[in-house]
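*Asks:* Here is how the chains run, residue by residue.
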Amino acid sequence: MNTSDYAIILSGVTKCYGRTVAVRDLSLSVPRGQLFAFLGPNGAGKTTTIKLIVGLLRPGAGQVHVCGCEVGSNGLAAKAQLAYVPDQPFLYEKLTGREFLYFVAEMYGIGAARRDRLLESLIRRLDVGEFLDQLTESYSHGMKQRVVLTAALLHEPAVLVIDEPMVGLDPRAIRVVKNLFVEHTNRGGTVFMSTHTLDIAEAVSDRIGIIHHGELIAAGTLDELRAEARRQHSLEEIFLELTEVDDG
Amino acid sequence: MVDSHAIAPAYPALGLLLRVKTRTLWNRTRQAALEAPVRLSAAIVLVSAIWFGLYWLFRIVFDQFKRTPLEATIAIPLVFNFFFVAILVMLAFSNAIIAYGALFGKTESAYLLTSPLTLRDVITLKYLESLVMASWSLILLGLPLMIAMADAAERSVLSAAQRPVFYGLFIAFFLAFIPIPGALGTLLAWAAARFFPRRTIQFAAVAMGVVIAGSIIAGVRSLRLGDSAAEVWLRSFLGQMSFFESAFMPNNWVASGIDHAIHNQLPESFLYLGVTIANALFASWLAVMIVSKYFDRAHDRASAGHARGKRPASPALGGVAGSVFFYLPPPLRLIAAKDLRTFIRDPLQWSQLVILFGLMGLYLTNMPTLRFSFSGSGWFLIIPFLNLCAVSFILATFTCRFVFPLVSLEGRNLWLVGLLPMPRGHVLLAKFAFAMTVTVLVAVATMTLATIMLELDTAWAVIHLVVTMAICFGLCGFAVGIGARLPMFHQTNTARIANGLGGTTNLLASVALVSAVLIGVGMATWRCRGLTVGTLPDSTSLMICGTVVVLSVVAGLVALWIGARHFNRVEV
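Line by line, the protein sequences are chains A and B. Mapping of the first sequence onto numbering that gives the first Met the number 0: position 208 corresponds to residue 207, and the numbering continues sequentially without gaps. Mapping of the second sequence onto numbering that gives the first Met the number 0: position 293 corresponds to residue 292, and the numbering continues sequentially without gaps.
Bear in mind the hints are in silico, worked out from the structure with no lab data behind them. Quick caveat: nothing in here was measured; it's all calculated off a predicted structure. Among the clues, some could well be false.
[Said to hold, decoys possible] 20 angstroms max Cα-Cα, derived SDA-like pairs, lysine to any residue:
| hint | chain 1 | residue 1 | chain 2 | residue 2 |
| --- | --- | --- | --- | --- |
| 1 | A | Lys93 | A | Ala104 |
| 2 | B | Lys292 | A | Ala104 |
| 3 | A | Lys93 | B | Lys292 |
[Unchecked claim] Which stretches of chain B does chain A cover? Using the computed rule of at least three CB atoms under 8 angstroms from a CB of chain A, they are:
| hint | segment |
| --- | --- |
| 4 | 255-261 |
| 5 | 502-511 |
[To be verified] On the chain A side, residues computed to face chain B include the following (Cβ under 8 angstroms):
| hint | residue |
| --- | --- |
| 6 | Tyr5 |
| 7 | Lys93 |
| 8 | Leu94 |
| 9 | Glu98 |
| 10 | Glu105 |
| 11 | Met106 |
| 12 | Arg113 |
| 13 | Leu131 |
| 14 | Leu134 |
We treat Cβ as the ideally placed atom computed from N, Cα and C, and that holds for glycine.
Model the full assembly from the supplied sequences, consistent with the hints where possible.
*Replies:* Here's what the structure looks like:
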């Protein structure tokens, strides 16, 4: 497999916390230009997998590649291609949203003219202009999420890794974010999204992976998952059926 | 877009990170000045008071030294050596704690680690950040020391024209010295994450406790007064302390450099400054290099340690916590027991209490080795009074930092508390009962030990124990009552709650209460200084002590009443 053809490749990745195996022998590849929804019950290993992809954790066994760069040995090059939005978004509380976005732009080496052009569009799309000059400590969770998404998309990353993107967003913002993700993949970018919101995964994802007890138990398009479950059901029913197997 | 090979590579971004930090500091200061000018002014006034108090204290010490030139020649370099040894140890530990949180615990570091910044830039930023956070108090402490020293030496050694040079050198020595313990602390933080990922806080608390206790035991033993002549003792003492004057010890470079500066021997002073700067730069470089090179494994283990640290709770603890509050009705007992369980499971809380009162205990148990004879002099009352002062201020520290945030922390659970079948204000009684139980147990045990070690008269022992309990009552009443009157329900960070408007108000009120009680007990002690052991205090002294006890209890009750009234009708 040519690693540079894929946005994300996990090859036989295992991650243990002491005696607890959080992720077991996980192999998964996400081609460029796809929106991959990563599903699983609480504690299944979704966030651990995401942290392995963005380089916050090191696998005990196996390798992780992002856009052809091995995260362990060439982390800096891999991170230059990534944007990561965690489930608890980080913002400097004593900076305004605009100051934070300027900081991110400079961190990624984006010049002022290009920054302003990109920001103008994102600010309008995500509707953050109204509160962008207030200190971020005054933001609600949804406002924070929108500013963090603006920051993540600002440098036009090849891979957007996002943990629970829709939490705290109102319906209008959810629609905007869904459209942004689709546009991002249409332009050749990749979105790796962990979520519990199955109807969103069903609506926008190209492929879906389901992790349970640290093991990838299913991966493919919605039709492939239906075939695997041998039933023409909704994603919710497929998910419940697949993740109940081990629970007996 | 999204050509993965065309994305700008990461570049050295330390300057950018420092600019962001400076900007956040500027925004914070501006916000404080605009939104809470009273609090900012109060902080400036308090800091100034501490600053002038320290200057006054240092000035007395140096003036005292000047009266006896021979002793001063020996003592001043020793004082400086010990001062910088103590600073070295304290700064190393405070840097370790701050650096650990900055590198392995904060969401900011996780964010920066997923950004295209070099690891060295992120580590350097965190190193500098912890250096500033841990060391600003040293500057606060150092400046009055420097000015007092220059003022004391002015007439004899330094002319008015030479003083600015001395000040400059003194500050340069401080700044050059700080990175050495800072580097040590950063390495300690890394080692704790790398080798003790699951019990880092416990490891830090135990290590700090062992070092401080060891230092005190060694110090007290070296001070033990034997039957030998003073000269023999002095020689022995200086011999034992010679390790700290080794040419390889950073404290010695700084102490010697300042000593030369105060005697206007500038070439020697600059030599020591150069040695200190060179070593500080090397230590900083080494710490950043080592941590950067081996950071991944430490960060990975720290993250894994956090993830697997979720152990099942001990059922025995629940039973013990419940039985401690047997005297409370069931709903209140449950709330108090919940607070006690949280306290026991949070090492940050109990470790500070253990360290502070552990130090008191160590000092008290070593009192007999000093072989001072207190009987027959006023000291038999003065020393216990000073012990009472120390215990009272430690109690105030604890209640302001840990008891005060308790009510605010219930903010997110107020929907649940509001549904309990009792007036909401009764929750404060549970908080108060928890705080009283912890503080009275620890404080009374310490004061009992003090009275036994000093063989204090029964009457004075009873007075001190009753006053201690009254102070506990007042301080806990203030912390819970003011905590309910000026809560921060939307804040979950206890440090921020304690530093807010309510926390500052509680701190000022607690200091005022403790000062008032201690002034009263101090007056009674002073009145009885001429009494011999076994003599009962006079009725006026007893009345003063009784008054401050009543004052403390009433103040606590009033604070609780005000807090309960507000808490009953508060909306979140």
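*Asks:* For a quick check of understanding: which of the numbered hints are violated here, in increasing order?
*Replies:* 2, 3, 4, 5, 6, 12 and 13
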